Amino acid sequence: MDFLSSLFEGQIAEERLFVLLRVLIVLVAGLPLLLVLRRFLNRYISKHYSPHYGMLGSKLVFYVGTVILLITVLNELGFSLTPLLGAAGILGIAIGFASQTTASNVISGFFLVAEKSFVVGDVISVGGNVGVVYSIDTLSVKIRMFDNRFLRVPNETMIKSEYINITRFPIRRVDCNISVAYKEDLSRVSEILFDVAAKLPYSLQEPPPLLIFDKFGSSSIDLLFVSWARKENFLKLRNGLNMGIKERFDKEGIEIPFPHVSVYAGSATKPLPMDLISSDKSMLSTSAQGKSRSEITDTATE
Amino acid sequence: MVASNAGAMSMTQSIWPTFTLKDRDIRRHRVGPLTIFLKRFLNEIWVGSTRDDEKSGEPAELPDKPEWMRMALPGEFDEYRIKPVMPDRPVIIDTEHSYSFVSQTRTRVFSRVPVWVRITPESREDLVIAEIPTVVLSETWFGGFTEGELSYAVSSTARRILTEDLLEPHLVVCPMEIRNNSDSELKFEKVCLRVDRLSIFASGDALWSDETVINYQGTDSGTDTEMKGACPPEAAGATLLSKPRTPVRKTIGLKTFRRLRDFHIPGF
Numbered sequence: 001m002d003f004l005s006s007l008f009e010g011q012i013a014e015e016r017l018f019v020l021l022r023v024l025i026v027l028v029a030g031l032p033l034l035l036v037l038r039r040f041l042n043r044y045i046s047k048h049y050s051p052h053y054g055m056l057g058s059k060l061v062f063y064v065g066t067v068i069l070l071i072t073v074l075n076e077l078g079f080s081l082t083p084l085l086g087a088a089g090i091l092g093i094a095i096g097f098a099s100q101t102t103a104s105n106v107i108s109g110f111f112l113v114a115e116k117s118f119v120v121g122d123v124i125s126v127g128g129n130v131g132v133v134y135s136i137d138t139l140s141v142k143i144r145m146f147d148n149r150f151l152r153v154p155n156e157t158m159i160k161s162e163y164i165n166i167t168r169f170p171i172r173r174v175d176c177n178i179s180v181a182y183k184e185d186l187s188r189v190s191e192i193l194f195d196v197a198a199k200l201p202y203s204l205q206e207p208p209p210l211l212i213f214d215k216f217g218s219s220s221i222d223l224l225f226v227s228w229a230r231k232e233n234f235l236k237l238r239n240g241l242n243m244g245i246k247e248r249f250d251k252e253g254i255e256i257p258f259p260h261v262s263v264y265a266g267s268a269t270k271p272l273p274m275d276l277i278s279s280d281k282s283m284l285s286t287s288a289q290g291k292s293r294s295e296i297t298d299t300a301t302e
Numbered sequence: 001m002v003a004s005n006a007g008a009m010s011m012t013q014s015i016w017p018t019f020t021l022k023d024r025d026i027r028r029h030r031v032g033p034l035t036i037f038l039k040r041f042l043n044e045i046w047v048g049s050t051r052d053d054e055k056s057g058e059p060a061e062l063p064d065k066p067e068w069m070r071m072a073l074p075g076e077f078d079e080y081r082i083k084p085v086m087p088d089r090p091v092i093i094d095t096e097h098s099y100s101f102v103s104q105t106r107t108r109v110f111s112r113v114p115v116w117v118r119i120t121p122e123s124r125e126d127l128v129i130a131e132i133p134t135v136v137l138s139e140t141w142f143g144g145f146t147e148g149e150l151s152y153a154v155s156s157t158a159r160r161i162l163t164e165d166l167l168e169p170h171l172v173v174c175p176m177e178i179r180n181n182s183d184s185e186l187k188f189e190k191v192c193l194r195v196d197r198l199s200i201f202a203s204g205d206a207l208w209s210d211e212t213v214i215n216y217q218g219t220d221s222g223t224d225t226e227m228k229g230a231c232p233p234e235a236a237g238a239t240l241l242s243k244p245r246t247p248v249r250k251t252i253g254l255k256t257f258r259r260l261r262d263f264h265i266p267g268f
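Heads up: the protein sequence lines correspond to chains A and B, in order.
Residue numbers for the first sequence follow the working numbering, beginning at 1 and rising by one.
Residue numbers for the second sequence follow the working numbering, beginning at 1 and rising by one.
You may find that some hints are simply not true.
[Stated by the list, open to error] DSSO-like mimics (lysine-lysine), calculated; alpha carbons at most 30 Å apart, straight line:
1) A:Lys251 x A:Lys183
2) B:Lys65 x A:Lys246
3) A:Lys231 x A:Lys116
4) B:Lys65 x A:Lys251
5) A:Lys116 x A:Lys47
6) A:Lys47 x A:Lys59
7) A:Lys199 x B:Lys65
8) B:Lys83 x A:Lys199
9) B:Lys55 x A:Lys199
10) B:Lys55 x A:Lys251
[As the list claims (entries may be wrong)] So, partial list: chain B residues that the calculated Cβ filter (under 8 Å) puts toward chain A:
11) Val136
12) Glu139
13) Thr140
14) Trp141
15) Phe145
16) Thr146
17) Gly148
18) Ala153
These are calculated hints, taken from the structure and not from any lab test.
Computed from a predicted model, the values in this text were never measured in an experiment.
Virtual Cβ for every residue (Gly too), placed ideally from N, Cα, C.
Using the sequences and the hints given, assemble the complete structure.
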């Protein structure tokens with residue numbers, strides 16, 4: 001009897017050992033296989049389609065694979081799936097109530113992916129932060145900012161807030177706010193601006209650049225000059241335009257005024273006369289040497 | 001207009017030569033306003049370039065501090081080749097003024113496109129060392145604000161008559177026949193020429209592309225563009241210098257005409 005019992009126990013132990021071995025094989029072979037498959041799919045789809053689809057495809061395969069692996073392991077260990085799924089349902093509801101934010105993020109993530117307002121690799125601006133979308137995950141959107149900081153925005157926040165996709169369309173407009181002195185000939189200014197844009201190869205000829213008379217400013221005439229570039233050349237064009245305009249204005253003697261105030265004593269008088277007073281007479285005499293009183297006054301009022 | 005074949009070949013050879021470049025040798029070569037500098041160092045080729053206002057004559061002097069582009073090759077080659085190729089994007093031809101074609105009208109126009117210079121080892125033409133534009137062209141957008149095609153804008157307009165003085169060694173003459181086969185009027189101000197599908201032929205020191213026939217059927221999407229693939233009658237007997245960048249299909253149906261005010265709100 002003892003012999004039979006020990007034999008039976010030995011059989012059970014052997015069976016358990018086999019089960020554990022099978023589970024181990026499934027895990028040891030399955031998990032690395034899944035990881036390799038995920039990496040391969042990510043690379044392949046990213047190369048042939050887009051990084052966004054690469055991320056989505058690889059994640060889908062990884063999650064489905066993990067669930068299959070888990071079911072297989074549980075099956076091997078002798079767990080019946082029906083009561084387990086029932087328990088999981090009840091547990092799911094309990095967890096759902098307890099973690100509404102997480103659930104909201106997960107659901108928002110689905111909408112973000114489905115809506116496709118941005119994809120992996122796009123440059124977006126959220127709440128004043130600008131960066132490249134690094135990944136759209138279950139709970140959050142990961143952004144690499146241009147100063148190489150990492151920004152994590154919960155999916156729910158993304159869904160609720162306004163964001164700008166800067167690289168959605170293939171071309172972008174560069175705006176240059178320019179001020180010129182009232183004395184300048186605006187047709188000449190316009191000619192120079194269009195010439196500067198035409199000489200930059202990455203300034204697109206179509207859509208054409210445009211000059212808009214913005215307003216009569218307090219110290220200047222304010223203009224808005226816009227030109228278009230491929231989205232990749234946006235910064236190049238902005239730098240090229242601003243530097244080119246400054247250079248040409250300097251060369252052509254066009255004044256870019258800065259705010260200044262002239263003091264008048266009445267409605268139709270000359271600027272208020274002013275004298276330079278200094279306790280150091282030698283210094284005054286040096287600076288004023290050879291200048292008339294009116295010249296000194298002009299210098300002081302300028 | 002067309003020089004004798006032997007003369008044409010020697011002329012072509014002087015502008016688009018095959019040459020020897022020994023180790024540590026430097027060669028300068030002018031094509032229109034572009035001068036290219038080539039330096040050989042073991043299995044490396046160093047390429048530099050500069051542009052000036054001259055269109056012919058002696059190559060420009062090597063600058064004191066040239067900007068070189070280095071390329072290591074899979075072997076040491078002594079013989080190299082310089083030949084013209086078309087730009088790598090479509091070019092937009094300006095008609096200068098709005099152009100109208102009444103129904104069932106056809107016309108033939110010529111346009112000049114600056115070529116790019118391709119440098120390869122003579123025995124390995126698949127090994128492109130560099131491609132340098134003889135003239136830096138401005139970029140332009142062909143399409144709408146949300147989708148379109150990046151192209152080059154050429155300053156040359158669509159001309160009805162081509163005179164000898166317009167033939168220049170760095171400009172390829174592209175004949176185009178535009179046919180309005182529809183019952184409606186065709187009105188446009190710019191034409192998109194798909195130069196990547198055109199070959200280049202040499203006739204004397206002039207370059208010609210094969211003829212493009214544009215058949216307008218009533219809608220832009222229904223416009224067929226056909227590349228003839230043979231040298232045009234004006235350059236009969238010309239020799240083929242370069243094949244198209246993109247393999248030629250008999251016809252392609254792509255947006256070709258830029259109509260008046262495609263951008264309704266111009267850039268704003």
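Outcome of the hint check:
1. A:Lys251 x A:Lys183: Roughly 17 Å separates the two Cα atoms, so the pair holds.
2. B:Lys65 x A:Lys246: Measuring from Cα to Cα gives roughly 28 Å; hence the hint holds.
3. A:Lys231 x A:Lys116: Roughly 19 Å between the alpha carbons, so the hint for lysine 231 of chain A and lysine 116 of chain A holds.
4. B:Lys65 x A:Lys251: Roughly 27 Å separates the two Cα atoms, so the pair holds.
5. A:Lys116 x A:Lys47: holds, 19 Å
6. A:Lys47 x A:Lys59: Judged against 30 Å, a Cα distance of about 16 Å means the pair holds.
7. A:Lys199 x B:Lys65: At roughly 24 Å apart (the allowed maximum being 30 Å), lysine 65 of chain B and lysine 199 of chain A satisfy the hint.
8. B:Lys83 x A:Lys199: Holds, at roughly 28 Å.
9. B:Lys55 x A:Lys199: holds, 20 Å
10. B:Lys55 x A:Lys251: Holds, at about 28 Å.
11. Val136: Holds - the Cβ of valine 136 of chain B comes within 8 Å of chain A, reaching about 5 Å at its closest.
12. Glu139: Interface hint status for glutamate 139 of chain B: holds (5 Å vs cutoff 8 Å).
13. Thr140: holds, 4 Å
14. Trp141: Tryptophan 141 of chain B check passes; min Cβ-Cβ to chain A is 5 Å, inside 8 Å.
15. Phe145: holds, 6 Å
16. Thr146: Result: holds, 5 Å to nearest chain A Cβ.
17. Gly148: Since the shortest Cβ distance to chain A is 7 Å, the answer is holds.
18. Ala153: Constraint on alanine 153 of chain B satisfied, holds at 4 Å.
This entry satisfies every hint, going by the numbered hints stated previously.
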